[in-house]
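J.: If you're matching them up, the sequences are chains A and B in order. For what it's worth, the working numbering labels the leading residue of the first sequence as 1, then goes sequentially. For what it's worth, the working numbering labels the leading residue of the second sequence as 1, then goes sequentially.
Errors might be hidden in some of the hints.
What the hints assert, rightly or not - Below, simulated SDA-like cross-link-like pairs (lysine to any residue); rule was C-alpha separation at most 20 Å, straight line:
no. : chain 1 : residue 1 : chain 2 : residue 2
1   : B       : K305      : B       : R187
2   : B       : K312      : A       : R183
3   : B       : K189      : A       : D186
4   : A       : K249      : B       : G168
5   : B       : K284      : B       : W58
6   : A       : K93       : A       : P116
7   : A       : K272      : A       : P116
8   : B       : K152      : B       : F80
9   : B       : K312      : B       : R187
10  : A       : K219      : B       : K284
11  : B       : K312      : A       : E78
12  : A       : K86       : B       : W58
Because the hints were derived from the structure by calculation, they are not lab data.
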Amino acid sequence: MGIFKRRSIKSLGKKKRDMPEGLWHKCPDCGAIIHEADLQQHYHVCPKCNHHFPMVAQGRINMLVDPGSFEEMDAKLESVNPLEFKAYSEKIKAYQKKTGLKDAVVTGRAKILETPVVMGVMDFRFLGASMGSVVGEKVTRAIEAATADRCAVVLICASGGARMHEGILSLMQMAKTSAALARHHDAGLAYIGVLTHPTTGGVTASFAALGDVIMAEPKCMIGFAGPRVVKETTHQNLPPGFQTAEFMKKHGLVDMIVARGDLRDRLGSLVKYMEPAVV
Amino acid sequence: MQVEPLEFEKPIVELERQLADLKDRSAGQGVGAEKEIEKIEEKISKMKYEVYQGLTPWQRVQIARHTQRPFTLDYLDHCFDDFLELHGDRHIGDDDAMPAGFARLEGRRCVVVGHQKGRDTKENLLRNFGSAHPEGYRKALRVMRLADKFGKPIVTFIDTPGAYPGIGAEERNIAEAIAFNLREMMRIKVPIVAVVIGEGGSGGALGIGIADRVLMLENSYYSVISPEGCAAILWKDRKFAEDAATAMRLTARDLEGMGVIDEIIPEPLGGAHHDHIAVGRSVKAALIKHLAELREMDSDELMQKRYEKFRKFGEFRG
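Only chain B is shown next, with the shape it has when bound in the complex (with noise of 0.2 Å):
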């Protein structure tokens, strides 16, 4: 797959394209090339070092939306052994932005759900762009509830720019399909982890987002509101997203830092879209870790721990 480039990432492409031009001409030609070539190389390795090492948050925004990053589906098909999807809220219908189902881990039941994003126009029609209706809330919930009945694990993925916020939406309450997925995830009495892989857009993630684990990629974001939301209503003007990015301090390390999340899982140079399989190989390996050590605590306690995990957020005196 060829990899879209991001508007900072031009200035690499662009040389690497001087350097396949250069390879292409010198090629059976022997000498003289050499020199240049590895000058080059130098170049775009010091170039990439520079730009990966220092991504500014607003940069890391365009990573975590990039649209040939592994979505909920790719990780299922990379760390699962089988998926077998369910559909449908049984009240109204069946929401695509929000598959959910059965899956296998290492050969270990458990359940997934997550948000999906389409690549191209035709999957996001299917997709809606990942914003959920509450029927996509409302499912998710239903299988989660079949996984805690059946005593499995969840994992659910991350990756929203944010509810739908429709009419038909409002109509039916995506307000109320995700404060009750906060509630009732927190009754839930197995372990949840919550994996952000990309767009961790505000109370639509959130609303699968109550987990006694929250991962984050190490390119995603996690935000109560998006940079360009953010700009709009604070400078009254979309373009202070990049501003609003760092302001808010939306990126996985930030978070870590804030004691939000618990694990950052590293990327592959430039961004998991650089290699499904690596990144993939990763994710699987964090769940494997945390669901093993949660396995190890009776519903009790991880109920309490959960409870006191977002019990402690807040700073304020007095």
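Extracted from the complex, chain A is given alone in its bound form (with noise of 0.2 Å):
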């Protein structure tokens, strides 16, 4: 939850003040100066230090499918502020003007190197990809047409966990969405989880955490509880690299690290090895 609190990703906007908007990116961990057509040619990372900037939904599902393969799903699916939570409403609708979708998650059928998938990516610009009743319908609904269709499912995640405004329903998304893993696991079917900056909160105590096998990108931040609240309960330092993806492969919590240049490849190869057993 805590993540809510973090500016790395929104001080982007800061630094870029000073520079024509939009053309030029400042690495935030090298300090590069990098084009803007320079970081969409390498994925949205830094070619001086290997930095993963954050990336939208499209922009992913255009770098992992074969071209021309994917059809989005649910595409219209929106939050009604079931609780009549106070400026709820408004805010949705500013980051669906901000971002141009309808919530946090985009879904859909796809192929990834020829073999069909169902895949369902995050975005983080909209409202911290918190999970509410339209991302956990999404995800469930993504799972359940994969196992209908007995294919994959491969959902890129990022998230600063439940969202709030949505009360004791955005908590029963974990349920759903780990309930709908149930049967797609029962049904002998693989999932991937890709955990990408930041994964946190009720997404890492579900659907994110359940992957037959997860991967996640360099550095990237992934945690149950953010930072902040670990060292205010715990009163103590937190290791260095305490919830970065490496400190998590050490501890033995996700199967690798992928540099976003290989994981459409690592997808491939890895729904390849895990189709179910023609009969």
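Starting from two chains that each stand alone, build the complex the way the hints lay out.
T.: The structure is reproduced here in structure tokens:
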């Protein structure tokens, strides 16, 4: 949850102020000035230091799936502010306008290196990719579609956690998505989770942690509680690299760290390995 | 046991003290004080009615956290014939914040797991304030799987401020421990009844909360985040916790309205801590009733209904 306090992603906007809008980017890690075209060409990875910039959902889809193979599902689902939470409807509208998305996840059928999959990609720009009813429903429908199609499901995760504005309904999305994964699992089908910066809270404690294979992008932050909460609760200094992908791999919690440029190939070969046997 | 009053109950306690004083002083004198006593008694019952009928969500949160409230082991005492505790997750340790084991409910064998809080510092050191580590969730699932293996129903008692957000918990993958329980409880073939007895704190609560019936005590709460946490994130200040408690609709009545829980178990006036025996009796009756209903279903029907129960949560359009 503490992730909402972190400014590392938003701070990009501030540093850009003295440069022509949208044309040049400064790498927050090594300070290199990178041209927009360069960044695009390198999958939004700093060519100097390999820092992974955040990526929007559509960009990730374009990068990962076979050209023209993506068929979006449930594109129109949107929140109805079930608790009538103050200022939530306005917030949703503002983010919809800003991102062009209805909510924080894009789902659909696609092919990766010719293998059919159902895919979900979370977009951190939309209210910290927090999970409310819409995200939970779309992810659940995606998993159910994969079960029906007898194919793998690939979820590219990023999230600040469960969406507070929808209260208990957000918590129940953790149960709902995990229930759908139980059936997909029982059908003998593969689920690959890809954790990107940052994946925290209720999303980590539900579908993000349940992959048959879990990949993580380099240096991305992965955790249940935010680092601030951990620090405040334990009154301990956090170990170096705490809650990074590398830390998670060292502790045996993710299978592999995959640089963005290799993600498509790695996903493609894994879904092939894990195809159900033909009877 | 002397009941510790909460802040909003202090005016009532003050009046009760005055009443006791007056009764003491007038004892043996016979006349004169009756009118005064009657007046105060009337005032007390009026005040109690007003306070307890109109409990705000935030006041219920205070009651749910009361240290004298019955905890999991108290319900094991009051509702069950015996309890045989099992220990350890078979990998790394045992977690005293999550007792689990075999029990008998009116002679019928079952499995009980639950969060356990402590009443004082010493107990809380052992119980970690009811915040379980990954070991606790893994032990809970291990014992629930024993129930599954031997065809015994499962009762879980939810009472946690949240899973423990510590360094070791993160290193040992608390998120996965919870997530795995969410998935695996959905695959268990025996009836599961969960009862929120105090604090239903987020993922830590849900981690033993996938059930065919979810019951809630009248003054317990169940929420995606603590009111303080919500206030700190959305309004940058914990002092708005009271507003957050209202906005998040976390009371038993709110959740019943949203279809998230199946039944509210009433508490004695002022809260469960005023009468452990009475609330124990109510919880026991509710468990017996729901388990009897669930016993009628075969495991396919049970699992299908459990899936549908959780599948339907969420409101959206389009």
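J.: Taking the hints in turn, state whether each one holds.
T.: Against the structure, the hints:
no. : hint             : result
1   : B:K305 to B:R187 : holds, 12 Å
2   : B:K312 to A:R183 : holds, 16 Å
3   : B:K189 to A:D186 : holds, 14 Å
4   : A:K249 to B:G168 : holds, 15 Å
5   : B:K284 to B:W58  : violated, 27 Å
6   : A:K93 to A:P116  : violated, 34 Å
7   : A:K272 to A:P116 : holds, 10 Å
8   : B:K152 to B:F80  : holds, 15 Å
9   : B:K312 to B:R187 : holds, 17 Å
10  : A:K219 to B:K284 : violated, 50 Å
11  : B:K312 to A:E78  : holds, 16 Å
12  : A:K86 to B:W58   : holds, 18 Å
Hints 5, 6, 10 from the earlier list are contradicted by this structure; the remaining hints agree with it.
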